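Number of protein chains: 2
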Amino acid sequence: MKANIISIGNELLIGQVINTNASWLGQTLSDIGWEIGTVICVADDDRDIRDALARGFDTADVVITTGGLGPTKDDITKKAVADYYGREMVFHEETWHRIEKYFTERKYPISELHRQQCYMPAGSVILENALGTAPGLRIEENGKACFVLPGVPYEMKYITETHIVPWLVKSGGVEIFRKKTFHTVGTGESMIADHIEAFSDGLPTNASIAYLPSIGKVRIRLSMMGGTQEEFDGYCRELRDLLDAWYYGEDDTNLEKEVARLMDQLELKLVLAESCTGGNISARLVQQPGASSYYLGGAVTYSYEHKSSVLGVSPDTLLEHGAVSEEVVTEMVQGALQRLGGDVAAAVSGIAGPDGGLPQKPVGTTWIAVGNKDKIIARKIVFNKDRSRNIEFSTIAVLNLIRKFLIAVYLK
Amino acid sequence: MKANIISIGNELLIGQVINTNASWLGQTLSDIGWEIGTVICVADDDRDIRDALARGFDTADVVITTGGLGPTKDDITKKAVADYYGREMVFHEETWHRIEKYFTERKYPISELHRQQCYMPAGSVILENALGTAPGLRIEENGKACFVLPGVPYEMKYITETHIVPWLVKSGGVEIFRKKTFHTVGTGESMIADHIEAFSDGLPTNASIAYLPSIGKVRIRLSMMGGTQEEFDGYCRELRDLLDAWYYGEDDTNLEKEVARLMDQLELKLVLAESCTGGNISARLVQQPGASSYYLGGAVTYSYEHKSSVLGVSPDTLLEHGAVSEEVVTEMVQGALQRLGGDVAAAVSGIAGPDGGLPQKPVGTTWIAVGNKDKIIARKIVFNKDRSRNIEFSTIAVLNLIRKFLIAVYLK
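Protein chains in written order, with the working numbering: chain A, 21 to 432; chain B, 21 to 432.
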């Protein structure tokens with residue numbers, strides 16, 4: 021159960037694009053118990069691609085390529101794969117009809133280059149790509165399989181999840197691979213590692229723990245090869261209890277989904293008042309389909325004027341305490357509830373940087389608040405000096421405070 | 021002037037760490053005219069590392085490894101390199117003294133593992149690492165050079181900039197490498213490739229074109245090895261003219277920066293009224309430091325109620341034309357200018373999906389508008405079925421429409 025990855029594209033070698041595809045594939049395959057032997061990045065070059073394929077099949081039965089399926093001249097992956105297998109390129113009518121339809125519907129001009137995109141190595145199984153013009157391919161020969169995928173990340177992910185993962189799981193055989201991911205927020209990786217050290221040291225050799233940290237959050241993945249479901253469930257319960265102070269969900273969730281789930285369950289409506297995050301919290305919630313069931317909307321009051329004119333924050337409060345203060349975020353929550361409606365409101369105001377820091381309020385100082393008509397809670401948080409990280413940290417902190425507020429006020 | 025990179029570490033293969041080192045090295049080397057032939061990621065495994073070295077030296081005179089120099093058991097890169105060259109590991113007194121001093125000064129406990137870190141392949145040139153305990157190495161044999169670097173990004177960068185870049189420049193000779201990136205928006209990669217085909221076919225062999233597409237945008241990079249600056253400037257002018265319909269900037273820019281630059285130059289204030297993008301346009305603008313100089317804020321009117329209560333869109337208009345209509349985005353712009361102030365307003369309302377589509381308005385239908393008190397322009401755009409892509413496409417389309425509006429209305 022080992023696969024090699026070939027990432028194709030000059031842009032990867034000159035560093036204009038970071039190879040996130042390979043790491044996503046690495047994670048996705050290891051989640052289903054497959055091991056990645058090597059990742060090799062090569063140029064859009066026929067010979068380099070063929071060499072990489074030959075090497076790839078030396079040490080694994082499955083090779084996955086990404087990139088080089090576009091309509092331009094430098095996209096030569098399919099031709100190189102055909103050359104490697106010694107196969108002809110044949111025109112795939114169905115793909116052509118699909119592309120034609122796609123372009124006609126949108127009234128886009130279609131070019132000869134799109135026709136070229138429809139040539140595939142003979143004997144390929146076409147892997148449908150619902151999100152773009154270039155389908156993926158599967159070619160099997162001598163008990164080994166080559167998957168050819170586009171380099172555009174969401175198209176690559178779509179085809180992998182829809183077509184490759186099920187194929188790999190099926191061909192991977194009988195060993196059962198179990199895993200569960202625990203989501204935490206509010207502490208760091210080393211803190212958690214310390215806290216669960218005895219537990220992870222005590223795991224049998226067929227089980228393991230992986231840490232997947234991101235800004236403000238850490239996912240902890242427990243996986244086990246073989247063993248019984250009871251045994252695995254026991255470890256999961258133990259780990260869940262140990263993580264209790266920071267735990268917020270399992271597997272395919274995130275803070276946005278947890279907020280949505282709680283709001284829907286409680287049949288409440290949410291409004292937002294954002295300053296330093298500039299709409300990022302709102303955008304995050306709206307990324308989830310169905311957000312309109314609980315989210316009415318929000319105000320991005322990026323200027324002093326808007327804090328007063330849109331949310332009714334008193335100019336005196338702004339003058340006396342500054343825009344980044346407990347008083348102002350509290351009034352932002354009150355104003356949002358009054359003027360935007362809704363049952364629950366959240367507000368944030370901070371100094372994202374790199375400029376605007378003061379001795380008593382350094383860059384990274386952020387006030388957040390969540391409340392309803394009866395109760396408002398506010399927290400001060402100090403992050404670091406990087407603007408985009410501060411915005412991301414603030415976003416996570418607000419989503420988590422909404423979640424905690426809903427649980428504390430409505431569910432306890 | 022070609023180098024190969026070997027990235028070493030299990031964490032890269034399972035996708036726990038994204039290989040940013042390789043892309044940084046790719047950029048750094050291509051900036052000094054060196055080409056990266058391949059990047060190969062392998063596990064912390066003696067045999068895999070030796071194989072990768074053998075392959076690396078097959079096609080290049082310089083191989084750079086990163087990772088596997090730490091003090092823990094799985095860090096075996098130096099031993100594998102020594103095995104590859106058939107050399108002994110020898111104790112390096114100077115490194116040991118430096119580590120001892122480093123730990124003693126900080127009162128950190130020093131362990132036997134740190135002593136192990138001081139064994140180096142015989143004949144290595146030690147490349148000082150001012151930022152960590154593991155130095156880099158250079159080993160030369162038969163006119164070829166191997167550089168061995170730690171995987172910690174800032175240590176790797178320090179050693180590369182301090183020790184490797186000067187060595188490569190010196191050994192690479194005098195050839196000059198020139199490049200320029202052209203940013204376009206509003207069409208696809210294949211359309212551009214068609215349009216500039218004669219130009220790119222006519223380029224000399226020492227010049228080349230690369231396409232870097234992302235959602236809604238394509239960057240085109242022109243690069244040239246050697247030649248004169250005049251010659252390169254000529255090609256740049258020609259390409260710039262060919263791209264005119266879609267071109268919006270060069271090198272280190274993006275749409276957000278272009279909007280900010282124009283707003284600041286014209287001394288205008290911007291407000292936003294977002295529906296389907298849910299705050300994403302606002303968040304994008306605020307990611308850039310200094311956005312407060314031109315951006316007052318915005319309303320995320322995700323519900324019908326908010327479109328009327330916050331922006332004053334007439335309930336009759338909503339009822340008659342639906343939220344996704346020219347009439348509604350026009351009233352959103354008018355309402356934003358009236359109620360949020362500012363000189364220029366942009367609005368967007370669309371069906372992001374996956375649900376909510378209608379026969380005459382399928383998922384992906386989006387209306388966008390930009391205007392000031394005298395003039396409002398609106399556009400209908402139809403995207404595809406994926407929610408997050410629709411949001412991203414709409415965001416790009418709105419930013420581009422703001423840019424075009426400012427140029428057409430204020431600068432022509």
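Bear in mind the hints are in silico, worked out from the structure with no lab data behind them. A quick note: this is a predicted structure, and the numbers were derived from the prediction, not measured. Among these hints, one or two may not hold up.
Since the list gives no way to pick out one identical chain from another, each pair is judged satisfied if it fits inside one copy or across any two copies.
Here are the simulated lysine-lysine pairs, DSS-like style, with alpha carbons at most 27 angstroms apart [stated by the list, open to error]:
| # | residue 1 | residue 2 |
| --- | --- | --- |
| 1 | 393 | 22 |
| 2 | 381 | 121 |
| 3 | 22 | 289 |
| 4 | 393 | 164 |
| 5 | 121 | 164 |
| 6 | 395 | 200 |
| 7 | 99 | 22 |
| 8 | 93 | 22 |
| 9 | 393 | 93 |
| 10 | 199 | 93 |
| 11 | 164 | 400 |
Comparing the hints with the structure gives:
1. 393 - 22: Intra 57 angstroms, inter 63 angstroms, cutoff 27 angstroms: neither.
2. 381 - 121: For residue 381 and residue 121, only the inter-copy Cα distance (18 angstroms) is at most 27 angstroms; the intra-copy one is 57 angstroms.
3. 22 - 289: neither (48 angstroms within a copy, 56 angstroms between copies)
4. 393 - 164: Neither way: residue 393 and residue 164 sit 64 angstroms apart in one copy and 65 angstroms across, limit 27 angstroms.
5. 121 - 164: Answer is neither; intra-copy 34 angstroms and inter-copy 54 angstroms both fail.
6. 395 - 200: neither (36 angstroms within a copy, 56 angstroms between copies)
7. 99 - 22: both (25 angstroms within a copy, 25 angstroms between copies)
8. 93 - 22: Only across copies: residue 93 and residue 22 sit 23 angstroms apart there, 32 angstroms inside one copy, limit 27 angstroms.
9. 393 - 93: neither (62 angstroms within a copy, 47 angstroms between copies)
10. 199 - 93: between (43 angstroms within a copy, 20 angstroms between copies)
11. 164 - 400: Close neither inside one copy (57 angstroms) nor across copies (48 angstroms); limit 27 angstroms.
In the structure shown, a violation is registered for the earlier hints numbered 1, 3, 4, 5, 6, 9 and 11, in ascending order.
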